[in-house]
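Engineer: In order, the protein sequences belong to chains A and B.
The UniProt record's numbering applies: residue 1 is where the first sequence begins, and numbers increase by one.
The UniProt record's numbering applies: residue 1 is where the second sequence begins, and numbers increase by one.
Keep in mind that the hints were calculated from the coordinates and are not lab data.
All figures in this text were calculated on a predicted structure; none of them were measured in a lab.
Among these hints, one or two may not hold up.
When chains are identical, the list treats them as one kind, so a pair holds in a single copy or across two.
[Stated by the list, open to error] Here are the simulated lysine to any residue pairs, SDA-like style, with alpha carbons at most 20 Å apart:
id, residue 1, residue 2
1, K646, V290
2, K637, A60
3, K181, M260
4, K189, P244
5, K615, R525
6, K374, Y545
7, K615, D148
8, K181, P13
9, K181, N262
10, K637, Y567
11, K654, A68
12, K84, G43
Number of protein chains: 2
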Amino acid sequence: MTDAPDHLVVFTPSGKRGRFADGVSVLEAARKLGVDLDSVCGGRGICGRCQVQVAEGSFAKHGVESHADHVTPWNAVEDRYATKRGPLADGRRLGCQARLCGDLVVDVPPDSQVHRQVVRKRAEAHPIEIDPVVRLYYVEVDEPDMHDPASDFRRLQLALARQWSVENVRADLAVLAGLQKTLRAGAWKVTAAVRNGGELVALYPDFRERAYGLAVDIGSTTIAAHLTDLTTGEVVASAGLMNPQIRFGEDLMSRVSYVMMNPGGERELTASVRGALDDLVGEVAREAGVERMDVLEVTVVGNPIMHHLFLGLDPVELGGAPFALTIDGAYEARARDLGLSIAPGGFVFALPCIAGHVGADTAGVVLSEGPYLKDELTLLVDVGTNAEIVLGNRSRLLACSSPTGPAFEGAQISCGQRAAPGAIERVRIDRDTLEPRYKVIGCDLWSDDAGFAGATAATGVTGVCGSGIIEIIAEMWLAGIITQDGVIDGSLAARTPRIEANGRTFSYLLRDGEPRLAITQNDVRAIQLAKAALYAGVKLLMDRYGVSRVERITLAGAFGSHIDVTYAMVLGLIPDCDLAKVASAGNAAGTGARIALLNAASRAEIQDVVRRIEKIETALEPAFQEHFVNAMAIPNKQDAFPELEKVVRFPEPKVLASADEGGRRRRRREG
Amino acid sequence: MTDAPDHLVVFTPSGKRGRFADGVSVLEAARKLGVDLDSVCGGRGICGRCQVQVAEGSFAKHGVESHADHVTPWNAVEDRYATKRGPLADGRRLGCQARLCGDLVVDVPPDSQVHRQVVRKRAEAHPIEIDPVVRLYYVEVDEPDMHDPASDFRRLQLALARQWSVENVRADLAVLAGLQKTLRAGAWKVTAAVRNGGELVALYPDFRERAYGLAVDIGSTTIAAHLTDLTTGEVVASAGLMNPQIRFGEDLMSRVSYVMMNPGGERELTASVRGALDDLVGEVAREAGVERMDVLEVTVVGNPIMHHLFLGLDPVELGGAPFALTIDGAYEARARDLGLSIAPGGFVFALPCIAGHVGADTAGVVLSEGPYLKDELTLLVDVGTNAEIVLGNRSRLLACSSPTGPAFEGAQISCGQRAAPGAIERVRIDRDTLEPRYKVIGCDLWSDDAGFAGATAATGVTGVCGSGIIEIIAEMWLAGIITQDGVIDGSLAARTPRIEANGRTFSYLLRDGEPRLAITQNDVRAIQLAKAALYAGVKLLMDRYGVSRVERITLAGAFGSHIDVTYAMVLGLIPDCDLAKVASAGNAAGTGARIALLNAASRAEIQDVVRRIEKIETALEPAFQEHFVNAMAIPNKQDAFPELEKVVRFPEPKVLASADEGGRRRRRREG
C-alpha cells in the first residue's frame, strides 16, 4: 500500500499554505492553518459562513495548479443550503463540504472572515475589527445516559469543548434554569452564546447565526440606544427617549440635591433610569424584529453621575469636593441585576470613568476618536453643563472638566430654549444695516426668504437654541454690536431701533412679534462666562502639555454636532487651529460604546488608556483664573487667532468709555 | 559607624528561625519566616490575635539565650488592649508590639495560629484546618484627594494590596452601593471581608474580628442550619424547621409530580424552600446575637431534588429515567440571587451531586467521613426514601442509590409514624413468653418499668417510628415469630393471644389499648422490601469492587443515627462486619457542609473526589434482582453473618408448610 496523496493548499488573501490529506475539507484545512474562515454551525452546511472561492488556473507565484475539480463535487448538503438560503455566488463553495482531491488556491472573501473590519474608520487610527465578547456556537449535545450520570450542563460543556475547543464554560442559574427544556426542545442540537470564551449567556433550541448587542449613551437629558448586529457591526435599530430622571431635577446637580434631601432618593433615580433603558431595549428589539432574549450584551457610557446612578451607586459624593467616585474602572454586571431584560445571562459593560467630573462618556469619546493612536496633538471637547476636555496624542493624554454651566444648552438665556423645531439655530447680521436673518430647526429657508412664514407656521419661531446663541453673539461681535469685552454698544441705538435700552444696559432685538426675542446684556454675559470656563480649561491642558497650539480639534456631543465650528472659534470657545482640522464628531461617546460592543480588545484598551490619562483639577490650578479672565474677551484678550483670521474678517477693536455703562453714558451725553 | 546588631529568633512549635534587625516586631519576623501567626488588625494592637509567649532561659537545642527583656517593654498600646479586652495570660505579649532587642525563642500558642485545627477529627483521616474562603482584613484607606481622582474603591484596593498583599479585589454592586458611606462612617478605617483572596463580600465601618458562616442541610422533611464562627470553627447557633415544601407533597416524588401537573410549580417550590432558609438565617443570627450582615458565606447540602429546587432548577427530569441532573458539579451563587439576606456580596456554595439519585447530601457524607483518605474498605449508607450508598477507600470509590421507599420512615406501616414523642423506638420480645416491652421517644423507662404509664401520660404511646420498626421485626425473627422468609407463624396463636389472624395472614399485637398497635404481615413485607432494596444496592457495589466483605460501616442521616446498628444487621439491612466498626455518624451530610464552610481546600477536594466516584445505576444491573430476592430473607438467604453471630444468637431455622399460608393451614389441620 502507498500513502494517500496529500495536496498543497494556499489560502488568499492571507497567503497561508499547508499540505493536507485527501478528503480533508477546506474548512478543516483553514482551521489547521489559522486562516480566518468563519463558521457557526461547525461544518454542518447550515450557516453558510464558510463560503470560499476556488481559484482557477496556474499560479506560478504559489507553485499551484488550482481547479474547481480539485475539490469534491457540489453535494446534497450544498443543494439543501442553496434551496433554503438562495444560490451561492458564482464559483463559491461551502468550505465545510468541499473536500480536497488536488492542489488548490482558495480565496476567503471578506464576508466569510470572522474578523471583518467595520466600515467606519477612526480618522487615521486603526480600524475596528469585529470581535465581540459574545460568540455563537452550534453544538450537538450527547443525550443523557443512565450509565453515565453526567448532568445536562456537563454534556453541553463537553460538546463545546470537543466541537469548538471552548473549555470549562460556566453558567449563571438564570441560564441553567432553562437548560434542560432548551436541550430537549432542540432535540440536543442547540446554539450556545458564549461570552469571553468562558460563560454561557444564552442557549437557543435551534441554529442561530445572528447575535445582537446594545450600545447605550445615558445622557442627563436623553438616553440613546443602538441595537447592533454583532456579526456585521451594523446598527439595526436606534431609539432614544428623555431621561425620566428629569422629574427629579433638570440638571445633574439638582438630581444630586434631590438625593441629598430625600434619603433613599438615589434608589428612585436608579429605578427610573433603569426602567427607561429597559423600555428602550423593548423598543429597539421590536423595531428590529428580534426578541429581547437575542440581545446578548449591553455597553454603556454616561457622565459620572449617570454612570453611578445607573449602576445603583449613590452619587452624593460627586456633588461636592473632592468629587470622589465610588468606582473608576470599567465595570461589568449582570443585565438582570441592572433591571434589564435581555438574554438570561447577558452582561452590561460600563466604560471607565476618568475622574469625578470626567465620565465614561468622555472615555467613549476617547475610544471613538483614538487620540492615543495618533502623533497629531488633538483637542477633544464634549460640551455639556460641564465641558469635558481631553488633549494629547500617542505620547501623552491630559483631561479636565470645566464648569460651563447650562448657558450653551439655552438655559440662563432670556430667549433660550432646547434644540427643537421652531428654535433659531443659525443667525446672520448685516454688517451695515445690523438687520438679522435666521433659520429655525425644521425649516431650510432663511427668515428673509419668500415662504418662510408659511413654512414655519406649524412650529412658529419659539426661541434660540444653543448653537443659535453661539452664532448670534459671534455675529454681534463681528457686526460691531458688542465690544471685545462683550458690552452691547448703546450708541448704535441711533442707527437701528434693534438696539434697545433696558435700564442701565442694552439689548439687541432679534425678532419682533410673538414671542419677541432679544439678546440682553445678561445673555451675552452668561455666554461669556460659559465660554471663558471652557477655554480656560483648554488652556490649562495646553500649559500642562507645554504647547501653545493644537493640531486638531474635535467637538463631541449633541451641542458639538450642531454648532458651526467657525463661530465657536470666533467666539473663542476653542483655540486657534486650521479650520480644516476642526470638526464635529457627532455622538462620539455613543460610538465609543459601539466599539466596546463590537471589539473585545477595545475594552482593555480604553481601560488602559484611561488609567494613563493625567487628570487636571481646574479648581486647584492657580492659572485658571487668569485664563478665565482673558477668555471673557471675544475671542480672547491675549491669544491670537491667525488661522481663523485667514477666513473671517475681525471687526475693528472698539472701546467704550466705561465697560458696562459706557453706552448708556454716551447716549445720555449725546441725548 | 557599625551595623546595627541583628538578633536570632526561633519560633516554636514550627522551629522556623531567622535573623532580624533590632526593632523588628515579632509579628513582622513571623510573617517574613512564614510562621503561622494570626493578625486581623494588621499590627495595630487592636485584635490581640498575634499573642506570643517569650521563652525564658537558655535553649541549647536552638543555640539561643532567650529572655523577656530581649523584646521591648510592655507598651501603651498593650495597656490599652488589656484594659479593653482583659489582661493577657502570664508571659504573653502582642507580637505586633514586642520588638526585638536580643535573641529570642518565641512560642506561638494554638489560639494565635490562623490555621487552627478543628477539634473534631475525621476517624483516622486528616483533621480539618480552619481556613475558610472568607477572611477579615482591617485596613486604613487613603482619603480622597482632588489631585488624584482614584475612586474610593480603588483606594480600598490599594490599601488591601499594600497592607495585606491582597491584590485586585473585585466587588459586586451590592457591596459597592454602601462603600462610600461605610468608609466615611469608619473614618477611613474599615474591616474588609474578602472571599478567596479576590472578592470583597462585606465592608464594616470599624474593627471586626468575628466572621460567621452558615452550614445548611436541606432535607425533604427538615431544613437544618448551623451558624458557625469562621475563626474558631465553633457552632454558635443551630436551628431547624420543617421543609415547607411538604404542603406540595410529603415525599420527593409527589413534589416532582406537583411540578409536572402545575406549570411554574417549580418556582413555588423554590420560593418556599428559599423563604424557609432565609427565616432560619434570621433565627440563628438572633440566637447568636449577630447581624444577618455578619453572615458571610453559606454552604448547602441536599438530595438532588432539594439541591435543584433550592438553586431554582426545574427538578422534573429527576422524576424519571434517565434522571438527568441540570448540573452536577459544585456550584456557587450569590446569596441574594437565592433569596438569602446575608452580607451584601455573600455567596452560597452548594456541594456537588454525584448522580441523579445521589446528591450533594451524600457528597457531604463522603467529605465528612473521608473514606477516600483511608485504606479501610468503608461502606457509607444514608437511609431515606432512597438509600444512598457509597463503598470504597483510598484507591476506589463506588456509589449508587436504591429505592427503599418510605417504610423505614414509618410510612406504609400500619402502626408507623414519624419519630416524635410518644413513638415507640426500642422493642424487646421475650423469647419464651413472646411478650414485648418497649420504650417511647421522650421517656427513658421501658414499658414494663414502674411509672411508665405516668411518665408517658402526656405524650401517650402513639405509634412506631422507623428505628422501632427495625427492632420489632428483628426481635420477631429472633423470637421465632417470623420465619427467615418473613412469614408470621400463625401456629404461635396457640401459645399467645398476641398472634392474631387477619384473614389469610397473621399479625403480632405489640400493644393493646388506645391506639392498638400491631405488626401485620403487610408491615413485615414492607420492611422486607425496603431492606432488600438497600442490601441489594450494597451488594452491587461489593460485586463491582470485587469484595465479599467490608471493613467498616457508617450509617448517616437521622434514621441512621437512631437505629441500633446490631438490629440493622440482624434484619440484614447491612452486610456482616465487626460490630465494633459499625457506627452511626449522625448528620454527616451537615458536617460535610460545615467542613466546606471552614476549609477552602475541602471544596476542591470533594469536587475532585465526586468526579472520581464510579456511579452504579441499580436499575440497569442484571444482578440486582437476584441480590434483592436473597435479601428478602432475614438476614439473608445466601450471605452469612459470622461476625454478627458472635454477638447474637440466631433462632433455629423454621420452615412453614407453605410460605404465606402455612400457619393458617397447619392451624386448621391442628384445630
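Engineer: Against this structure, judge whether each hint is valid.
Structural biologist: Verification of the supplied hints:
no.: 1; hint: K646 <-> V290; result: neither (53 Å within a copy, 76 Å between copies)
no.: 2; hint: K637 <-> A60; result: neither (70 Å within a copy, 85 Å between copies)
no.: 3; hint: K181 <-> M260; result: between (48 Å within a copy, 13 Å between copies)
no.: 4; hint: K189 <-> P244; result: neither (43 Å within a copy, 38 Å between copies)
no.: 5; hint: K615 <-> R525; result: neither (29 Å within a copy, 83 Å between copies)
no.: 6; hint: K374 <-> Y545; result: within (16 Å within a copy, 70 Å between copies)
no.: 7; hint: K615 <-> D148; result: between (59 Å within a copy, 7 Å between copies)
no.: 8; hint: K181 <-> P13; result: neither (44 Å within a copy, 58 Å between copies)
no.: 9; hint: K181 <-> N262; result: between (46 Å within a copy, 16 Å between copies)
no.: 10; hint: K637 <-> Y567; result: within (17 Å within a copy, 104 Å between copies)
no.: 11; hint: K654 <-> A68; result: neither (81 Å within a copy, 88 Å between copies)
no.: 12; hint: K84 <-> G43; result: within (17 Å within a copy, 72 Å between copies)
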